[in-house]
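Fit the two chains together into the complex; they arrive one by one in their own frames, and the hints show the way.
Now for the letters of each chain:
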Amino acid sequence: MIGKEIHVTLGRREILHGLDFAAQDGRITAIVGPNGSGKSTLLKAMTGEIAATGQMELNGRDIARMQPWELASVRAVQSQSTTVAFPFTVLEVVRLGHSAGPWASEPGIPEAALARLGLEGYAQRFYHELSGGEQQRTQLARVLAQVWHPVQDDTPSWVFLDEPVSSLDIGHQFVVMDLLADYAARGGGVITVMHDLNLTAIYADHVVLMKDGQVLARGTPAQVLTDATLSQAYDHPLRVNRPAPSGVPYLLPQACRGAG
Amino acid sequence: MSIAEGLAPGRVRPVDRVQTARRLTVVLALLLVVVSVISLSSGATGTALWPVIRALATGQELSALDRIVLVDIRLPRLILGVLVGAALAVSGALMQGLFRNPLADPGIVGVSAGAGLGAILAIVLGGLLPLALQEALGSYIISIAAFVGGWVSTVLLYRVATHGGRTSVATMLLAGIALAALVGAFSGVLVYMADDAQLRDLTFWGMGSLAGATWTKVLAAAPIILLALAVAPSLGRGLNGLALGEATAMHLGISVQRVKRLAILVVAAATGAAVAVSGGIGFIGIVVPHLLRLATGPDHRALLPNAALLGATLLVGADMISRSIVAPAELPIGIVTAVIGAPVFLAILLRRRTTLGL
Ligand SMILES: Nc1ncnc2c1ncn2[C@@H]1O[C@H](COP(=O)(O)OP(=O)(O)OP(=O)(O)O)[C@@H](O)[C@H]1O
Ligand SMILES: [Mg+2]
Chain R
97 MIGKEIHVTL GRREILHGLD FAAQDGRITA IVGPNGSGKS TLLKAMTGEI AATGQMELNG
157 RDIARMQPWE LASVRAVQSQ STTVAFPFTV LEVVRLGHSA GPWASEPGIP EAALARLGLE
217 GYAQRFYHEL SGGEQQRTQL ARVLAQVWHP VQDDTPSWVF LDEPVSSLDI GHQFVVMDLL
277 ADYAARGGGV ITVMHDLNLT AIYADHVVLM KDGQVLARGT PAQVLTDATL SQAYDHPLRV
337 NRPAPSGVPY LLPQACRGAG
Chain L
4 MSIAEGLAPG RVRPVDRVQT ARRLTVVLAL LLVVVSVISL SSGATGTALW PVIRALATGQ
64 ELSALDRIVL VDIRLPRLIL GVLVGAALAV SGALMQGLFR NPLADPGIVG VSAGAGLGAI
124 LAIVLGGLLP LALQEALGSY IISIAAFVGG WVSTVLLYRV ATHGGRTSVA TMLLAGIALA
184 ALVGAFSGVL VYMADDAQLR DLTFWGMGSL AGATWTKVLA AAPIILLALA VAPSLGRGLN
244 GLALGEATAM HLGISVQRVK RLAILVVAAA TGAAVAVSGG IGFIGIVVPH LLRLATGPDH
304 RALLPNAALL GATLLVGADM ISRSIVAPAE LPIGIVTAVI GAPVFLAILL RRRTTLGL
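These protein sequence lines are chains R and L, in that order. When the letters of the first sequence are read in order and numbered with my numbering, they come out as residues 97 to 356. When the letters of the second sequence are read in order and numbered with my numbering, they come out as residues 4 to 361.
In isolation and in its complexed conformation, chain L is listed as follows (with noise of 0.2 Å):
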C-alpha cells in the first residue's frame, strides 16, 4: 500500500453492499426463527416447547393446559408480534424514503396517532353503522378504520411538510406534532363518551401492547399487513430513485407520482393494521432501518425486506423481555421499545444537526 492510499481520505466499504445486504437476509431470517422458537418456549406457565414437540412426535396426546398455552396464547402473539414488528419496520423505511429522510416515522410524525383516532372511531362509533355493515365487517372494521385514519393523516402531513419534493424536518416534525395533538383531543371526546366496556377496549388498545393477542386479532391484521409487505419491495427502486431527488428519480424512468402514492397507500395500512391490534408501539420504524443503513447500506430494494425480517425479531424480542422483565407480570411492550428507540432517534438527531447543519 502506497502513502497516498494509507492517506486516503473515506471509509472504504465493501464493493457492493447490496450483496452484502442479500447475504444478510438470510442471517436475519435465521435469526428471527431463533427467537420465535424461544419465544414459543417461554412464558409464564413454565410450559417448555421441547417436551411438547417430542410428545407430538411420538404420537402423545397434548395435555388441555399445554395446547391452551401453546395453540390459543403463545402462538397467535408470536404471529401478532411479528407481523407488527414487519409492518411497524418497513412503514418506517417507506417513510423516511418517501420523506428523503432518516428521522420520518409513522410514530414520531403523528400516521400512528391518525390511525388510532381511526381505531378509537371504530371501537366507540362503530356500533352506530348499520347492522348489515357491521356484521360484513366483523372484526376488520377497526384495522379499517385505523388504515383510513392513517392514511389521511400521510397525505396531509406529506401536503404540509413537503413543498418541491423537499421535505423540511422542522416541518415534519412540528407538523406531526399538531397532528397528534389534534387527535389527542378528538380521541379524548371519544373516550369521554365511551361506556364501561368500550373504555376497557379503548384502555387495554392505548397501552401499546401485544397481551391482547387472539387468533382473531391475527386475522384481522394479518391479510392487511401480509399484503402491505408483498407489495413494499416494489417500490424499492423508485425510492432509490427519490432519494436524488423528484426531479433526478423521473430523469431515471421512475413513475414519481405513483411511487409515492403506493408508498402512503402501504404506509397507512401497515401502520393501519398494526396499531388496530396492537396500539402505539414506537420507535420500531426508526431504529429498525437506521441499524440496517449503517450495516448495508441505503438501498432500498435490500432495505425492505431486511426491515421487516428485523423488525419482527426486534419487536418479538422487546415483547420476551417485557413479559420476563418484571415477571409474573407484564411491561407494556411501548416502553421497551421507546427505552431502546429514543437513545437512537436522538443520536441520529445529533449527528445530522452536526453534519447537515438541520
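Just chain R, same shape as in the assembly (with noise of 0.2 Å):
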C-alpha cells in the first residue's frame, strides 16, 4: 500500500495536507496520534470512502481505478464505528462480510471467524443486543470473514482497522492483536489506527505518527516512541522506559503524571 501527496478537503478545511505513506504487507502497519490528527481521515481516504487527491496504490493497482467490487475482493474495511439498521443475527452480519469477498462459495468461514474472536456462542444472537466490546469484535470477525486468507494468487489480502481494540477488554485485546499478527505474519497486510500505544510497541512492525494532518515521525517503534517525539505530538510531557533484555518500549502513566 503506497499513498504519496495525499490531500483532503473536508468541508472548506483541508485536513491532511500532502502526506506520504507505505505499508508492508506481511506487517503491522500502525497509525497513532492525537485525536483530531487525521488518522481516521488517512485510513477513509486510503479506502476510497473519501475524495482525496494524490496517488494511492494497492498491490501495485491505482485505488482510484478500481470498482467497489474490485477493492473488496482484496481489502476489508472496519470503520471506528458502525451501526445495523435491522435486527440481523451476528452471524448474519459475519455473513455479509464473508460474502462481499473472493472466498464467499467457501463454507464455513464465517463460524470459524466468531471462533477467532471468542464469539461462538454469539451467532444466533442480535448483533444491536450486543455489548459494545461485543459489537466490536462481531465487525472484526465481518472483516475478517471477507478477506479470510492472508494471501489469494500469489498476491497480499489487506485490512485497514480503525481503533480496532478501543472497547475491548484487555483479555481481548491480546485475542484481536494476536490474530492480527497471525495475519500479518501469514503474508497478509494490516493497516491499525491505534491509541494504545503500548500494544502499539508490542505488536506493531511499523509506526506512522500523526499530528495536524501530517506525518511528525515513522518508523520502527523503537524509533517512534521516544519521549521527545512523543511528547511533542501529544503536547504533554511523556516518558518511554524501555526495559533491558526485549528493549520493547513501554508508557506508564504513573510515571507520566505530572510530569513537566
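Do not take every clue at face value.
[Said to hold, decoys possible] Anything over 10 Å on all C-beta distances counts as not near chain L; from chain R, calculated:
1) Gly-114
2) Pro-183
3) Ala-281
4) His-291
5) Ile-298
6) Asp-331
7) Ala-340
8) Gly-343
9) Leu-347
10) Leu-348
[Said to hold, decoys possible] Derived SDA-like pairs (lysine to any residue); straight-line CA-CA distance at most 20 Å:
11) Lys-100(R) x Gly-144(R)
12) Lys-263(L) x Glu-145(R)
13) Lys-263(L) x Trp-165(R)
What the hints contain is simulated information worked out from the structure, not anything from laboratory work. Since the model is a prediction, treat every value here as computed from it, not as a measurement. For each residue, glycine too, the CB sits at the ideal point set by N, CA and C.
See the structure below:
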C-alpha cells in the first residue's frame, strides 16, 4: 500500500496536507497520534471512502481506478463505529462480509471467524443486543470473513482497521492483536489506527505518528516512541521506559502524570 | 443443557433465516392463490366460481351475466389488487432499506402524496398537452405523471432527511408532513379548477379504492409495476450492505450511489403506478415488511420477493373485507388498510422509542 501526496479537504478545511504513506504486506502498520490529527481521515482516504487527491496504490494498482467490488476482493475495512439498521443476527452480519469477499463460496468461514474472536456462542444473538465490545468483535469477524486467507493468488489481502481494540477488555485486546499478528505473519497486510501506545510498541512492525494532518515521525516502534517525539506529538510531557532484555518501549501513566 | 446455556441471554433463532424465508416464499405463493380464488368466487351478484369452472370444463356456454361479472368486473379487480398490493409492499421494503429505517413508507413520508399530485395534474391539465402526445401516451399518462411526482418527492425527501448516509427519523417524518401539506395545497387548487367530469374522476380516484378497476387500468399499471417488481430483488444485496451504513456498504463492494438511485426509481415507479390506478391506499408498505422481518429477519434478498407476495395477498384480502363488511355497499379499501396498519405503525414507533431512544 503506497500513498503519495495525499490531500483531503472536508468542508472548507484541508485535513491532510500532502502526506506520504507506505505500508508493507506481511507487517502490521500502526497509525498513531492525538485526537483529530487525521488518522481516521487518512484511513478513509486510503479505502476510497472519501475523496482525496494524490496517488494511492494497493498491490500496485491505482485505487481510484478500481471498482468497489474489485477493492472488496482484496481489502476489508472496519470503521471507527458501525451501526446496523435492522435486527440482523451476529452470524448474518459476519456473512455480509463473507459474501462480499473472494472466499464467498468456501463454507464455514463465518463460523470460523466468530470462533477466532471468541464469539462461538453468539451466532444467533441479535447484533443490536450485544455490548459495545462484543459488537466491535463482531465487526472484526465480518472483516476477517471477507478476506479470510491472507494471500490470494500470490497477492496479499489487506485489512484496514480504525481502532479495533478501543472497546475491548485487556484479554480480548491480546486476542485481537495476536490475530492481526498472525494474519500479517501469513503474508497479509494490516493497517490499523491505534490509541494504545503500549500495544503498538508490542505488536506493530512499523509506526506512523501523525499530528495536525501530517506525519510527525515514522519507523519502528523503538524509533518513533521516544520521549521527545511523543511529548511533541501529544503536547504533554511523556516518559518512555525501555526494559533491558527486550527493548520494547512502554509507557506508564504513573510515570507521566504531572511530569512537567 | 448446562445451566449456563439455559441462562444464556438473547433469543435463539433458527440458524439460517434466509432458508426459512425461502420456504416462506412457497407458502405465501400458495396463500395468494387461495385468497385469489376466494376473491374471484365472492361478490355482490352471488356468481360463484365453481359452477362457472364446471360449466367451462364441460364445454357449456357461459351466461352473459357470469361472463361480465367474472371477466369484466372481478378479474381486473383481482389483478389490480395483486399488482397494487405487491407494488406498495415492495416500495415500503425498499424505502425502509434506503432510509435504514423501518418507519419509512411511501404513504407516510409523502411519496404517495407526490405521486397523487402528479396524477391530479394529469387528470386536470392532461387535456392541455398536444393532441398527438395525448394519443401516444393514452391511458399511461396518469401513471407516468404519478411516477414523476413520486420520483421528485422521493429525491426531495432523501435530500432533506438524509445527511452523510444517516437518516433522522424526525426529519424524515416532518419532511413528509411538509411535503404532504404542500401537495395538498396544490391539489386543492387543481380540484378547484377542475370541471365536472374531471371532478368525478378525482373524487373516485382520491378515495383509495380498487372499485374502479377496469382492464384499461390494469394495462396502464401492469407494465410499470411488473418492471419495478422484476428489478427490486437485484437491490437485495445492496440494501443489506446499506444496513451497515454507506461507508461499510462501499467497503463490501457495493456501488452505493447506483443502489440508491435505482431504489428511488423503483419506489417511484411502483408507488406512482399504484397510486395512479388506486389512489392512496396506506400502510401496506409498513405492515408487510414489518411482519416479514419479525418472521424471517431483515435480509432483503428474501424480504423483497416475500413482501410482493404478502402485500398482494393482504390487499386482495382487505378488498374482500371492504366489499363484504357493509354489503351491498362498499367501504373504501384505504379505511380497511388503515385500521390494520396504523396500530402496527404505532407499535413500531413505541418499540423503537424505548430501545433506541428515538
Ligand atoms: N466530515 C468532516 N467535516 C469537517 N471536518 C471533519 C470531518 N471529519 C473530520 N473532520 C476533522 O478532521 C480532523 C481529523 O479527524 P479524524 O477523524 O481523522 O481524526 P482522528 O485522528 O481519527 O481522531 P480520533 O483519535 O479522535 O479518532 C478533525 O479536526 C476533525 O474535526
Ligand atoms: Mg478516528
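For this structure, which hints from the list above don't hold up? 2
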